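Chemist: Turn these sequences into a full structure, and let the hints steer you where they fit.
Chains as they are written, first to last, in my numbering: chain A, 1 to 352; chain B, 1 to 211.
The hints are simulated quantities; they were obtained by calculation from the structure and are not laboratory data.
No false leads were mixed into what you were given.
Using 27 Å as the maximum straight-line C-alpha spacing, the simulated DSSO-like pairs for lysine-lysine come out as follows:
1. K95(A) - K121(B)
2. K102(A) - K128(B)
3. K102(A) - K115(B)
4. K128(B) - K95(A)
5. K113(A) - K128(B)
6. K127(B) - K72(A)
7. K210(A) - K190(A)
8. K121(B) - K72(A)
9. K115(B) - K113(A)
10. K165(A) - K121(B)
11. K121(B) - K102(A)
12. K127(B) - K113(A)
13. K95(A) - K115(B)
Keep in mind the model is a prediction, meaning the values are calculated, not measured.
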Amino acid sequence: MDQSQFINLKNVESTYLGARQEELYLKGINLTVAAGETLGIIGRADSGKSALLRCIALLDRPLTGLVAIDNKNLTFLASREISNERRAIGLITAKAEFLNSKSVMENIALPLKIQEYPKDKIRTSCEQALETVGLSDKYHSTPATLNQLQRVLLDIARNIVNNIKILLCDDIFIGLEQKSTEILISLLRKIQHEYHLTLILTTNDAEIIKTLCQNVIIMQQGEIVEKCSVLDLFTRPISDTAKDFIRFTTKHELPWCLRRRIVNQETAEHHALIRLNFTECLAPEEILNNTLEAYDLKMNIIQAFQEKIADRIINVMIIEIFGEAFTVNNAMSFLTNNGLQSEIIGYVPNIN
Amino acid sequence: MFQILINALRETLLMVMYASIFSFLLGIPLGMLIANMAEAQSRLAKTTFNALKGFLQFGGTIPYLVIMLALIPCTNWLLNHKISFTTATILPLTIAGTMMLAHHVAQQLIASQNKWQNTIKALGATKKQALLLILLPESLEAIIKAAANTAAAIVGYSFIAGAFGAGGLGQLAIEKTIGEPNFLYACISISTLVALQQIFKYTPLLIIKHK
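Modeler: So, in structure tokens, the structure goes:
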């Protein structure tokens, strides 16, 4: 069985219930996800990220196209059969609903009660799921007493108890503090390994993408504009949305005093701020010096650091470069040809 | 003096208790039925849903007095069958209570259904499972509150019915304020009725709160 196409979407088009057919929120989606893969979905609000997850979760039926999971075409299944297939897919959102009048344990037991499992089996499965997510001490608590992280963990427990094969996470990191995000990332890694899950998550947080995902798709206005590995996203972005994402992320890593001066349009009073990435470049300093000399440019190093993306070390350098726009562009092409990926983040005013 | 009050209280309680019980027995399943039809696909179910919903919404705006007057033929028929006026009044009280409760139950269940729509779909629950395992537990508190409000409203309606000679505290209050004025009787009967209404309204809420 072909596990490289565990999730397969072909030419999927979908619209909101009740919306006119021309108001498509998913347009010609073609996507394959391998079993066990971790895929990140990046895109602005209304780009169709959540809609895509809902389509994979079979909550919305596509207008056209095909949705196949584990080589089984689910597009034309009857409602009852779809219900059975849906049980293999977990969807977690930041605003999950829980029965507030029932205990945490009873909430987790819900999927098993629906499948009419025996009581002792329900009990052991729930205890195991609670232990996995680290909520054993909340067994008798009600969901209303849980904080945001614990509610997400509870949602995860309610899904893993159902023996899911695919876990879809829709912006679950929103509003979580750094420590909680770290806990959630390590838990997702742990359950992915233990339960052999295929993980798909929507987020616009670069750190989460870097730490958790192997591949990324970039969405814009209901279309997939780029699919690449996380490493390629951060070192060789192709689409404008991907470049915008890198620019935005890099800007936020810069010191505030510099960040507030960055503009998007170049003028005579501004010079370019460039992000350089290199992984296997042997002599970056030499290449950089040669380029500056050859093109008669001057530069100032703002930041230089290393970051780990998809288990590989990437060297990043943020420089401001002084010179004519045309010359700067030529120099950037030269750098790229020599293994130093360059990307203009923005423009900063000249200091007189 | 106390005997008159106790008799009036007994009659009021008889009307209210029976009318409330029948309202619960009819109103809650009717509300559940309407909520169940809310997402139906067939044209017949959609038409029935809209008709029932419209009827309950319209019924809710009709004053109890009008319902009572409209049901006079039925009440007369019951009276002709040697049923007392107090007992016969249970019918309009039950109809008013049922309409009120069914409307609230349907509204609450439809709201829960909309909230839980995705989760129910994701869990693959049947309609019956969704209702019993998710929607009813989720809406239980609101349904109890609606039932308590209905019972309290029925107490108020019984007062109006009493004014028309159906007996109970309502009739006593009217007689002792207009017929043969007696300030003490009037005060006691009115305050008992108000107290009764509050007891019906707030006791279930207190029980829920301390559960």
